[in-house]
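Residue-level listing of the chains:
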Amino acid sequence: MRIIERDTLIGKRIPKMDAPEKASGKTRYIHDIDVPGQLWGKILRSSRVHARIKRIDVSKAKALPGVHVVITAADVPDQRPIGINKDHPALKGDKVRCIRDEIAAVAADSEAIAEAALKLIDVEYEDLPIVVDPEASLAAGAPVINEKHADNVAMRFDYSHGDVAQGEAESDVVIEDSFKLHYVTHCCMGVSGVIADFDASGNLLLHSNTQVPFLHKREFADILGMDPGRIRIVQPPIGGGFGSKLDIYPFEVIAVYLARAATRPVKLVYTRDEEFLASPTRQPVILKLRSGCKKDGTLMFRSVETLHDNGAYTSWGATTPFVMMQTFSSLYRVPHCKYHTTVAYTNNPYAGSFRGYGNLQATFAVDSHMDKLAEAIGMDPLAFRLKNAQGPGEVTGQGMVFKSCGFRDCLTIAAERSGFLAKHREYRAAQRAPGAVKRGVGMASMLHVGGGAKIYPSDGCGTILKIDDFAHVTLMTGASEIGQGSETVLAQLVCEELGLPISAVTVVNNDTDITPWDVGVHASRTTFIAGNSAIGAARKAKAKILAAAARKTGITEGELDLVGGFVVRAASGEAIVELAKLVRGLHFSDKAELVMTTFYYEPPSVHQDKGFKGDVSAAYAWATQVVEVEVDCDTGIVKMTKVTGAHDVGRVINRLGIEGQIEGGVVMGQGYALTENLLIEDGRVRNPSFRDYKLVTAPEIPEMDLAFIETMDGEGPQGAKGVGEAPAICIAAATANAIYNATGVRIYELPFTPEKVYRALRGVAPPVAWHAAAPS
Amino acid sequence: MSHSVEIEFRLNGVVRRAAVPAAMSALVMLRDVLGLTGTKYGCGEGECGACTILVDGASVNSCLMFAVDCDGREVTTIEGLAADALAERLRRAFAEHGAVQCGFCTPGMVIQASRILAQHPHPDRATIQRGLEGNLCRCTGYKKIIDAVAAAAEQS
Amino acid sequence: MGAVERYAAPLSLAEALDLLRAGDVTIVAGGTDLMPQSHSGKVRFGSLLMNIRRVPELGGIALEGDTVRIGALTSITDLLESRLVRERLPIVAEAADHFASEQVRNGATVGGNVCNASPAGDMLVPLIVLDAAVELAAKPNGAVETRSMPLREFLTGPGRTQRAPHELLTAVRVPLPPPGFVARFYKHGTRPALDISTISIGIGGVKRGDKLENVHVVFGAVAPTPIRARATERVLEGRPLDAAVIEAAAEAAHDEGRPISDVRASAWYRQELVRNMTKRILAHVAFG
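Top line first, the protein sequences correspond to chains A, B and C. Under the numbering used here, the first sequence is numbered contiguously, ending at residue 776. Under the numbering used here, the second sequence is numbered contiguously, ending at residue 1156. Under the numbering used here, the third sequence is numbered contiguously, ending at residue 2288.
Next comes chain A alone, as it looks inside the complex:
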């Protein structure tokens, strides 16, 4: 009798399935793909921030040898605007509204020829007054940016629960501050690109880096006036996403227009400076926060007003208030909360979605205030947070239901592991001690959707699973992979059900003609939603297999299980039949059956009502991060020395993968807090290169100590919750608190670059825009 040992892959360190290919340089990204007959597309962008286009002359460009087509808005009279406000024509015909605006495009035999052709296009502009400050944009008489929005308001949001006036009346301490959040951008290592290819029948194949292929397919059909059934999207391996590929952008539409006009495939890939100029940003926000609490530490109210710089067009950045309000209303228990947002058009580059989706901005303000309130009532920062932390089973004023919630554990474990309280006291006492370098410690926490986000009519994901006659599984999932490791997690979850090793699974996840529908990779949803979907399909396959085994062996299905590639007796592990043999037998029997299943998972979350109330996610993720810094008061340089993170992730599925997500997010948060700053002055990007847009490099990373709180969410796949966005969210807030702990100076504006910190320490106002400062 052969006993098969039961083993599990859950919680193990499973190498990412595509890592060997990537590490040997064999992976072909969009940049590495050439299709036969392809032309190169290039886009001419505006040289003006806000101007009427009086004339475009493309005749010289068209005459250049090797140029196939040159198009302007006049050549695509059928173009329909893109974006969530439908305010954005891919090719601008009448006027330009920001520096990145696309006004003409070329398809040529080579990139160099296309580039040369752009230089031959002659454009005459008539400058218009610009408005680059959202406050000025809302003032009476401000230049109108988008004619359909004469008040320059792209969106407004109003939310409230309780009665903030009453909350304020009952508060012993009330504070109010203004916070200012800056522009950052995704900086995916692989620049943006697309290949548009029509076949002879007019079907469109897009090689696209999108994070949302099924939504894109539908939207492209709308924009192009095509039958969606004639559009196929294939995603090559993607060189980073982080939310940047959640919307359709003009370059993608333009590539399609070029391919249509040239009747040839067109490849269009950005340069790095183009990536800085013309890919989306995280939304800059001016945030006014008023909070109050009682002397005993009870948080009473929070009143928030935010003004968002939308830029010239509306992409997902405009809707980040959806997420921000969750943090205002529900991260800490707050009986009275009011939130008003205006999203204003300006002539700046426009904001899209970026990992955290508004939550970094909201958390920066909220957890800065948690520190200030604690200090004002003489309570330690940890005790104050613990007193107001949400717990399991709570329903918040916004209607979010916290079925699993490890927030208090996050707080206490992060504090204990980092020695937070002792350090906090010690560093505060040492603020006036001699020496230019001060140490500080700060904490911040976050709440984020961890079980999908019901924004679209469905928040689901489909799976097709087939088992071949050698018991090799092909998992066809709607879920997109952008480097986060979803394919490995999904394979693990399937293996867990079917008792197979990870090598027994192939994941297909990048072709809308093959894979079933999915919303896309956003909102930290893939492990949760696609994971549940994969499990559903695997369980159906398992039931089918066990039923067949029961028929064959006469042992009831309930007594059987799948372990280690065998059908076994569940109780003893005794091998009954090899799985491969069983499925082969099934296939080549009289009934000739294949094991193939499908499953569609729809989470039990609900849509918000008109007042933004409702339980929008099936689960919520929590985290507390403690940041330790050294502040050099002679230079303003803040060195992040250590981050201790405690994350309620539901359950760890792939320990290697989840550590990688958290570490990567922490360092992205470090960049947001300390080094990254897309400088935009008078609508122009001043630092479109890695030379002056500073990502964190290997020598700068902090020591990282991570703890995972496993709350075993009842709805989550194997208990897991989403975690993709969580780690980046609290770093800036915790850093602000750490700098305050080190120096006694609180800074309300990001990022904490050396000069900004130095000025804050010296109480010196920030400089005027650099180009306006006359060299002395």
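Treat each hint with caution, since some may be false.
Said to hold, decoys possible - Below are the DSSO-like pairs computed for lysine-lysine, each with C-alpha atoms no more than 30 Å apart in a straight line:
1. A/K639 x C/K2279
2. A/K86 x A/K12
3. A/K180 x A/K756
4. C/K2139 x A/K756
5. A/K60 x C/K2042
6. A/K86 x A/K54
7. C/K2042 x C/K2139
8. A/K119 x A/K54
9. A/K288 x A/K756
10. A/K148 x A/K54
11. C/K2042 x A/K62
12. A/K642 x C/K2279
13. A/K544 x A/K466
14. C/K2211 x A/K119
15. A/K466 x A/K12
16. A/K86 x A/K552
17. A/K540 x A/K591
18. A/K552 x A/K466
Unchecked claim - Non-contacting residues of chain C with respect to chain A, defined by C-beta distances greater than 10 Å in every case (computed):
19. L2063
20. D2066
21. E2094
22. R2147
23. R2152
24. E2213
25. K2279
These are calculated hints, taken from the structure and not from any lab test. A virtual CB, placed ideally from N, CA and C, is assigned to each residue, including glycine.
Add chains B and C to chain A, keeping to what the hints say.
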């Protein structure tokens, strides 16, 4: 177009000839003329390291090097590192230690890591971090890349 | 970008100088500055692209009497790996360690960094502290002629030097510092090396007891070229390095440069840094 120059060099152990415009970068030559796409374009100005190759054993940003300057030299790209025992250790360590996410920076990282280990067979973490300063990664936060290089060193 | 009509990789100095004399030449060594500058349009290629990497006379680091001759093609990595440089010119090695990234250090040359003449050029500050001179060669009348001039005079502005179009910078010559010489280099940035200096400071002098003599103070990125900080030097020269002198030197340093405001820092902040870090370096020299 720039004047075209005939060059001959050893590419991944094999003598190659190529005709390249004088102003072309080694990166463009490798990718567009010779079809070796493992070397990545990340910035074109030597700030990101995605295009790192070895020239006579030293790592350089191929985007900053003139293709014509490859003439007579020994050039190794990620594709050529394949046969090497150190490279095999590195590739395996990168996978096993979770150093790969989107993977776009990975070929440059592996090449630079091979240079670090050639210069310092038993580097401490600080040496690895300094060695990787010119290679940007947006996904991993570097820790697992540093772990992978340290692990590959320990196996030597 | 101009069109390159010809490419040459001369195998001797004489050949290189002949080509230069013909005119309209773009010289390439490491390419690490030239390539991005040509992409951005900052540099227009001449009709001849001359790669000087195969000119043997331009390589090598050698002690010639009491002078270290650093060939123009010496890479920044070569400086770091040279025992002669590390032991006898440690401030040069220190600055080399703060230079860009390893990939750039492997490609970039000393001659290129000098001829590129960036106000923030990393190697310029320590070389000026050491009174380095540049060696220039030309072949005006059929014979190779060389001349030499102090590096600080050679640099005339951002991207501008006294090199004539027909001349090639062949080497940097650094006199060996006298016994008792101490020097420190500081580059401001949040990263160890991969930063364009906001400011950089080099301070050197002969330490006798608690005094510094023959003081050289050099600031980078506070003026069109790296500058000798004469007022600061006067405060320090021959006086005991006590708290009052250090304070006075730091105040003098603050007003020494005329920095610009740009994307990296304001002029005000650069001046603050110069003062604060001059003070810190002097405290290290005095007490550390």
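To see whether the hints hold, each was checked on the structure:
1. A/K639 x C/K2279: Between A/K639 and C/K2279 the Cα gap is close to 21 Å, so the pair holds against 30 Å.
2. A/K86 x A/K12: 46 Å, violated
3. A/K180 x A/K756: 13 Å, holds
4. C/K2139 x A/K756: Not satisfied, since the Cα-Cα distance of roughly 53 Å exceeds 30 Å.
5. A/K60 x C/K2042: 25 Å, holds
6. A/K86 x A/K54: 24 Å, holds
7. C/K2042 x C/K2139: It holds: about 28 Å lies between the C-alpha atoms, which stays within 30 Å.
8. A/K119 x A/K54: 18 Å, holds
9. A/K288 x A/K756: 20 Å, holds
10. A/K148 x A/K54: Cα-Cα ~21 Å, so holds.
11. C/K2042 x A/K62: Answer holds: C/K2042 to A/K62 is near 28 Å, not above 30 Å.
12. A/K642 x C/K2279: 29 Å, holds
13. A/K544 x A/K466: 12 Å, holds
14. C/K2211 x A/K119: Cα-Cα ~62 Å, so violated.
15. A/K466 x A/K12: 25 Å, holds
16. A/K86 x A/K552: Cα-Cα ~60 Å, so violated.
17. A/K540 x A/K591: 19 Å, holds
18. A/K552 x A/K466: Roughly 21 Å between the alpha carbons, so the hint for A/K552 and A/K466 holds.
19. L2063: 33 Å, holds
20. D2066: Its Cβ never comes within 10 Å of chain A, the nearest being 37 Å, so this holds.
21. E2094: The claim stands: C/E2094 keeps its Cβ more than 10 Å from every Cβ of chain A (closest is about 16 Å).
22. R2147: The claim stands: C/R2147 keeps its Cβ more than 10 Å from every Cβ of chain A (closest is about 33 Å).
23. R2152: The assertion about C/R2152 holds, with a minimum of 21 Å to chain A.
24. E2213: Given a closest Cβ separation of 27 Å, the condition holds.
25. K2279: 8 Å, violated
Checked against the numbered hints above, the structure violates hints 2, 4, 14, 16, 25; every other hint is satisfied.
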